[in-house]
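Colleague: With the hints as your guide, set chains H and B with the ligands onto chain R.
Residue numbers (this note's numbering), protein chains in the order written: chain R, 1 to 753; chain H, 1 to 333; chain B, 1 to 193.
Careful, some of the hints might be misleading.
Calculated lysine-lysine pairs in the DSSO-like style (CA-CA distance at most 27 Å, straight line) [stated by the list, open to error]: (1) R:LYS130 with R:LYS471; (2) R:LYS223 with B:LYS101; (3) B:LYS106 with H:LYS68; (4) R:LYS253 with B:LYS193.
Derived by calculation from the structure, the hints in this document are not laboratory data.
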Amino acid sequence: MTDTKNLPPAEDSTLNPSLSRRQFMGLGLGTAAGAALLGKYTLLQSADGQKTAGKRGHYPPTSFDREVYTMCEMCVWRCGVKAKVKDNVVYKLDGNPFHPHSRGMLCPRGQAGVATLYDPDRLKYPLIRKGARGEGKWVRASWEEALDYVASRMLEIKDTYGPEAMVFSTTHNLIQTQFENLLKAYGSPNYGTQRSLCFNAMITSNLLTYGMEEPGREYSQVKYIILTGRNLLDAISNSETQDLVAALSRGAKLVVLDQRFTKTAAKADMWLPVKPGTDLAFYLAMLNVIITEGRYNERFVEENTVGFEELKATVQQYTPEWAASKCEIPAETIRQIAREFAAEAPHVFAHPGWRTSNFTNSFQTSRAVAILNAIVGNWEQPGGFFAAAGEGGGLELGSVPQPPYPRVSALRLDGVPWKYPLVPLKLGVFQEIRDNILSGEPYQAHGWFIYRQNPVNSLPERRKTMEALSKLDFIVTTDISMNDTAWFSDVVLPEASYLERYDPLHVMGNTLFLRQPVVEPLFESKPGLWIFKELGTRLGLADFFQYEDEEDYIRQQIAPLDISLEELKTRGYYTAPTEAGSAGAGEQKFTFNTPSGKIELASEVLRNSGFNAVPQWEIPTLNQQDEFYLLSGKVAQHTQFATHNNRLLHERQPGNPLWINPEPAAQRKLKDGDMAWVESAGGKVKTPVHVTERIRPDSVFMVPGFGHTSKGLTTAYGAGVSDSDLHVTFTDPISGSQALSQTCVKIYKADES
Amino acid sequence: MHEVDFHWNILIVIYLFTAGISAGAFVISGLATYLGGAKYKRISRIGALIAPWPLVFGLSMLMFDLTKPLQFWWLFLTVQWTSPMSIGSWLLTFFSILSSLYFLLWIPRPWRDLLRVPYRWADVFSPRRWQPMTREVVGISRRVLAAVGFPIGLGVGMYTGILLGAIPSRPLWNTPMIAQLFLFSAMSSGVATVLLIAAATPPAKEGHDHMHHERHFLVTVDAVLIVLEIFIVIPFFLHQALNTWSSAESVNLVLGGPFTLPFWGGVILLGLLLPLAIEGFELYPVVWKEAAVKYSRLWGGASAVMVLVGGFLLRYVFVYAGQVSHFLPLLER
Amino acid sequence: MANPAKESNTPPKKRWGFVMEPERCIDCEACMVACSVENQVPLGEHRNWISHKEMGIFPDLNITFMPENCHHCSNPPCERVCPTGATYRRDDGIVLVDYDKCIGCKYCMMACPYDARYVNEEKQAVDKCTFCVHRLDAGLPPACVETCVGGARHFGDLNDPYSEVSKLLATHDYYQLYEEAGTGPAIYYIRGK
Ligand SMILES: Nc1nc2c(c(=O)[nH]1)N[C@H]1C(S)=C(S)[C@@H](COP(=O)(O)OP(=O)(O)OC[C@H]3O[C@@H](n4cnc5c(=O)[nH]c(N)nc54)[C@H](O)[C@@H]3O)O[C@H]1N2
Ligand SMILES: Nc1nc2c(c(=O)[nH]1)N[C@H]1C(S)=C(S)[C@@H](COP(=O)(O)OP(=O)(O)OC[C@H]3O[C@@H](n4cnc5c(=O)[nH]c(N)nc54)[C@H](O)[C@@H]3O)O[C@H]1N2
Ligand code: SF4
Ligand code: SF4
Ligand code: SF4
Ligand code: SF4
Ligand code: SF4
Ligand SMILES: [Mo]
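Pulled out of the complex, with its shape left as it was, chain R reads as follows (with noise of 0.2 Å):
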């Protein structure tokens, strides 16, 4: 346990205690240069001189005490990084040359990482909630303090309301196994991700065609791509990003479909500004093209999928001019992409997308963009789509032993599958959960435990995610920085950060990744392997987390292969020998997980279930006059809701100003930089307007992640505003997916400030 005696009493320290620079140093930076983290100007102050270029102290170091090797974790695409470490301070993060996703480089939000350790608003010890929700009074409390409290009240709800009063949730991370196995020993289905405000529609309509989540893409030969809302260079993945820089530089086709001008866009050979929530037209009369004009692959079609005729017959009536009166893409272009896409077949594929939530029929707009891929018979070729793990998957690690599941009756308050069939039971439907809470059925819900995760402002709807966190007695966030949630909760609990801990082990392959600590934890901060166990003790589920410690964990998962930790965290990966040969490109016969081992053009699933089996034209709604659709997406500086705090990407990106074209702007005399109201039927909110000729004019679109509430986040607060304040839920009933795009909004002037 930590040792708590030499810190000031608990009473004392409220949430930011402004530490001078003497304290700070005392709490585990011994150096100048972590003191300068609290300056005014840098992050860092210089260190060591270096001789043939300048005098000392006006250089940065160039020799440093270790270089450890880590996985990045500003973002959920984990890429490799080399951390420099000179008398205990992180210097620099550079790529790690030798890791897939990084190839050496490190996007704007890898390489601000430093900013995320010692940013000044980290969370620094547990705290209590002391005054009401959301009004900022703390009591510091010792971690065995806050972690006794927070298993007393977990079971209290247990013992009252039974386990499945206690929601869980959490985003993307690598210690999801370790969350998972918390609320699954203690016996709770309610579990909500990131996953149905992202990619639902994407990987159920792949699960249902391909039998696989995500299909993989080959760049290094591809020739035309069509990219449906994949804002890949801003969206980053950073080996993806780069793949398709390299691939357009080499010379490869870009067509991009989005309402807006993105930046990807910008390096198209064709932007479509499609007309929102039409995208399925497009791929509908791309395939009626293909399939007309007998452009698609005979052999591939017949030997591995099955339906075609069912497909062949239903887009018979979706011409490009049929689709040109809905998208608002002529036919002429259609048919010219059709065309040109087919005739470079097999090298080509239309990009399945990520965050496909966007409409309430992106569900069939992802199964078209499957389609179309399959019958030009791209699978497995140079340049097309390839079979690719999941998440997870690929080499075998040893698991840490542990005793089966209590088995759970309860209903899951996500509506899976009572209300949404064909929702995967690992994607859920997050927005349901809230729904439910405050409804209260089929059950009331009375705890949440939040890792990692910003519901607060990552769902839609702000208003009814707060009256749904008002109506619970018992709400626990594990953060690093006190976000929105946190900062309504009960109870925050510290994690060290990505710099500063193991995680479970990643794989990629055939080979594995390791995270491991570049320094020591700053403040109190504890690792989540080391929390979850440390709670799972107190909730009386200690044969679930049978570990001693994160080496621990971690030796016990490399105990099958044929390498040491301390090999491991030299070298921070671990490749396994493979036997060789894998399918090659000749083949062509392929198996793929569905029902009927096949590539389902027509899927019987869905007709049994009552949806349409091969991809129908559906509409939307649509858009009121003199309103406008509520676009959404990333920049390429910042990650979700999470680094808003971050100092030197706040410095990129400051603010979310709303994008409108000159020609609404104009009738509503709004001038570049302007106020104006933004209102919908979930709420309103009012910001600066950025008039550019950059998007459509029926639509706007917000950066989302500002607008945070926290008062804990100094950088953060009162920068821009939130999307989610504007947002209305919309549920797609065939993949749980959140429809994004689909909220309309009005805009009016507002007075100056």
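Modeller: Relative to the frame of chain R, chains H and B with the ligands by itself:
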């Protein structure tokens, strides 16, 4: 691209302005000494007594503008032939020394006599035997210093313009005319300062006549300078407007941009045209009717103030607008 | 006449420089963050930046992203005007500021046509891109080059015909910024398709 930060601010404007006044005051004092002798004695004296001080003040402003004010002496550890600022620093140093000595020669008699000089080589090391300066020596010294300082004064006046003009990357500055413009404006500011003080301090005993003479002299010099300035401003704009796109764009800053009002209202109207009109009104009877100058302290003082305000604004506009003016990227690549 | 034998004996001087491919720049600003961290650039200042050229009206639009930093001119106006000699140019073409000699008169900032310089309040001196000399000396590429996600920034010895940058210049059409200022910049831009 960087948004415009004004790295040179009002301190630099003050520095350029005051350096100009010093130079102008010195030069007019010297000129008066040579051209008028006893007739313009008061002008010579006022100019000499003023000359060192605005510059001292300006230099202290410049020092405050440095990131290391206490390390300004680095400037004097080196001569950088290509750097106008380096040359200018040395020039200002010489000017300061000369103008200070000149100042000492012009302080009124009782104080001047406190200054003693050795008249014989043997006395050099025994200061007790030093003598007050004789009238003759003072007169010669004044003339010598005025002659030596004259080109240096002109140099200082010109330097304030060259400092800006030597910079190719600021299209508004990068023309040889800016050196002349700043020189004439410096002289005019110096003259105006002398004029102002002359107007504010009535002559001690000397007659009315003297006042008319000196007034005539100052006003004439000033009017000539103003006319010269006007004849630089006109070709300056023609030249800039007809030059590269970057230059043309740069003059838009003053022709129809944020600096239009201070330039046209302040520099041209207030600083040049109005004083010229007043001076013309004063000179007109002298030149055409051969009448005596109508001497008005009020008008004289007013026109001097206008010239000074205009001179200050001229530097303000150029320092600030110049930093906005920028090379423009070629549109199509 | 110079002795040709003697000339060929002296190895050619290095001339470090950048070749940028605006077509590959995705405006992610990883280079800016990397530079800030690597060189401990005070918040609010930066040594490198991306200029945008935005043209057209909806839906016919065009944007170009131009990565930039100090051009390490072969005839650097910043060096020319520096009154203390703090700004100097090394034999390998790198233009540096001697932070101890710099008094912060900012004259060089006026003189630089690229606005590449800033006042570093901590050093009490004017500062700018150093081409990451400290990394070069350690055998590493500049921080911004190493991390460039789009692969738009290339760095190397312009005098070495076998360097990546020389090969790019040999095979592509290129231009430079404000050549007309006579600065002799060491950054080349590959012309787009
Ligand atoms: N309006 C709108 N809503 C959206 C989206 C949108 O584009 N617009 N996008 C959707 C998508 S695609 C997604 S994936 C979700 C994501 O939304 P969320 O699932 O809420 O995820 P993040 O915003 O990434 O929140 C991550 C939290 O983890 C914390 N954190 C970071 N590192 C650590 C760590 O090491 N340990 C711990 N314990 N905590 C850490 C951060 O401080 C932050 O509070 O949002 C969805 N919601
Ligand atoms: N820098 C950065 N990179 C990230 C993330 C991040 O937060 N920051 N997050 C990561 C995560 S979790 C995810 S899920 C991915 C998401 O990456 P992407 O899938 O690229 O998703 P977004 O950026 O959310 O949205 C992409 C585009 O969809 C457009 N759009 C909205 N509605 C429609 C529609 O109906 N049709 C079409 N054609 N376009 C539409 C929007 O204008 C936006 O430009 O990015 C990942 N990478
Ligand atoms: S994409 Fe960027 S933020 Fe995400 S893991 Fe890689 S470097 Fe880190
Ligand atoms: S770009 Fe500017 S700072 Fe860099 S060498 Fe050239 S003139 Fe000097
Ligand atoms: S600011 Fe420093 S480097 Fe720049 S010109 Fe002045 S002394 Fe030289
Ligand atoms: S070369 Fe180094 S100093 Fe220059 S911009 Fe790149 S990272 Fe910054
Ligand atoms: S890192 Fe490369 S791609 Fe990204 S903004 Fe900088 S130059 Fe452009
Ligand atoms: Mo996501």
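Colleague: Are R:LYS253 and B:LYS193 close enough, with their CA atoms no more than 27 Å apart?
Modeller: 13 Å, holds
Colleague: Within 27 Å, alpha carbon to alpha carbon, are R:LYS130 and R:LYS471?
Modeller: Holds, at roughly 18 Å.
Colleague: Within 27 Å, alpha carbon to alpha carbon, are B:LYS106 and H:LYS68?
Modeller: 11 Å, holds
Colleague: Mind checking the alpha carbons of R:LYS223 and B:LYS101 for me, to see if they're no more than 27 Å apart?
Modeller: Violated, at roughly 55 Å.
Violated hint for the displayed structure: number 2, the only one.
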